[in-house]
Amino acid sequence: MPSHNSPTSQSNTKYTIDVVAENALLLSWPAQISLSQHDEILNLQALLKQQLHEVIVETVASYHCLMIYFAFQHVTSEQLIEDIKKLANNEHRQLANLKSADDCIKIPVYYDTEQQWDLVEVAKHCQLSIDEVIQQHSSHVYHGYALGFTPGFCYLASLPKSLHLPRKSSPRVKVPKGAVAIAEQQSAVYPSESPGGWHIIGQTPVPMYQSNNGQFKATINVGQNVQFYAISKTEYIELQRGVNA
Amino acid sequence: MSKPYLEIISCNGQASIQDLGRPNAQHLGFSVSGAADEYAFLTANNLIAQQQNLSHIQHTQSACAAIEITLGQIAFKAHSACTIAITGADCQATINNVLVSNWQSHTLKAGDILDFSMPKVGLHSYLAVLGGFTGEISQQPWLGSFSQTKNEMALGFTGEKLTVGSKLYFNIRTQAQTQVEPKVASFNTSQLRNRPTPATQFYARDKLTLRFIASTIFAKMSVAQQTQFLATEYVISADSNRMGYRLNTVQQARSTSEQKILLEILRQQCSLSMPVTYGMIQFPANEQTIVLMKERQTMGGYPVLGTVMQTDLFRLSQMRPGEKVNFTLISHKQAQQQLNAFQNKLNFSVVY
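Chains Y and P, in that order, give the protein sequences. Residue numbering for the first sequence follows numbering that gives the first Met the number 0, starting at 0 and increasing by one per position. Residue numbering for the second sequence follows numbering that gives the first Met the number 0, starting at 0 and increasing by one per position.
Derived from the structure by calculation, the hints contain no laboratory data. On a predicted model such as this, the values are computed, not experimentally measured, just so you know. Hints may be right or wrong, so weigh each one.
[Unchecked claim] In the DSBU-like style, the derived pairs of lysine-lysine whose C-alpha atoms are separated by at most 30 Å in a straight line are:
#, chain 1, residue 1, chain 2, residue 2
1, Y, K85, P, K332
2, Y, K176, P, K160
3, Y, K84, P, K219
4, P, K332, Y, K48
Can you build the whole structure from these sequences, using the hints too?
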């Protein structure tokens, strides 16, 4: 279980590199939700994908981790760790050309009590009115930290403290497509019907992915900013009709 | 000429199309998926390549999509002649009611009925075809793979769930060459039914010891706690599937906190979701272990004690609820050597 502490002279953050499988390295930063730390992770990810594409098969980023899948048949883990450190610590390294995070994706939400999801219960547990829950959830700008769980599911953080709740003690068997949900410090939209343990507070008519010509494009990508805004039932139905047209 | 296919004419078990999965789509949230038992899957394709006696086919055939049959109980009708191979759990397969050998290639004529019974041992059987299955007639690989993932079927990218009436199309390659005196490729299991064959020697006879690469959390545990984990015997739970194997302790659940294997203080370091990979040993608060398998999700939020090496995961995938496993440590170098040897032996060609 070799843990390689990275030198920190050129960088303020500290991460470790561990060989977690025959074909996978895990880079771990402190377990926290932090915008600057996440920017650094995405920067390093872009740099490694660009510079080491011959041996790196896939990379997956999250709040505080970067998983790197590599062709172990072509490079030893030791060599790859060396290469990663060298690239990461190069003072003159070009900041990878990341998509500007300035643009903010706006997601319309019908915050709904009729369908008897969890909005009423969330308000009760957080000791807020329903309008306050809606106001708090939609007034905040979220950041996409990780894609996963199901295709197109983007983990968004951080939820205002007043809305923090643990996951439901027993997960729902079916959460509908488009459900806008919260859990702990996070919010997300379910891209397709699936089981789920988060609290559903509304629904969006906006699809969470598009696919054509064999390509898959998530609506919200890691590193992007997101804001929700409330719409009425009529607007929801109209928008949904537009999506399905 | 219309595209050739096999049709499912009865189905009481589970079946899906599988190849080596889509490892490059994890950043989008897609499960890697793929054949649960790569040993049986790759062997099936190798048998076809050997039967054709064409080494250049071996290369292109080795990762071709096959049908993964779970607990047998399925029958197919051939609508055109083809070369197939059957491997994995022995379902006492018959062609037109005549018993045929497992771990062997066979030829089917149009109209032939291929029938699989329920296996006595193991879970997954593989039916491979020369040229590889594509599933539905116009089906294209989705993000590099034909593999079907249960939780992603509703997205509609990988065709319909296999059932009675499903037509399984395959690529026409050199099917015609099967007319030429076929070279029989097999492990000659027919005369040696009661002895372990080279094919079945790969699998655990009774209990399986899972060799794993320790995580940093495991390294932070006390020696006593590490020893306790390594000494624990686990039973495969009935909730196990292609996503994950749930393992229950044989003894009554440990109750008091002194007996916990993982201290709360270490557990708290693992609350944020992070990327997870094949074979990771998740350790929820009830200390009943989950080993992540081929249809795992890409993110997880439980503490991870380590990662079971891949060649042992292929063995584990054939084990049934009620069977026993335990854990032992291995270095990542040893695990890499094992996987490398496995891939060389099975003509696994890495395609990126």
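Violations among the numbered hints, reported as their numbers in ascending order
No numbers; nothing is violated.
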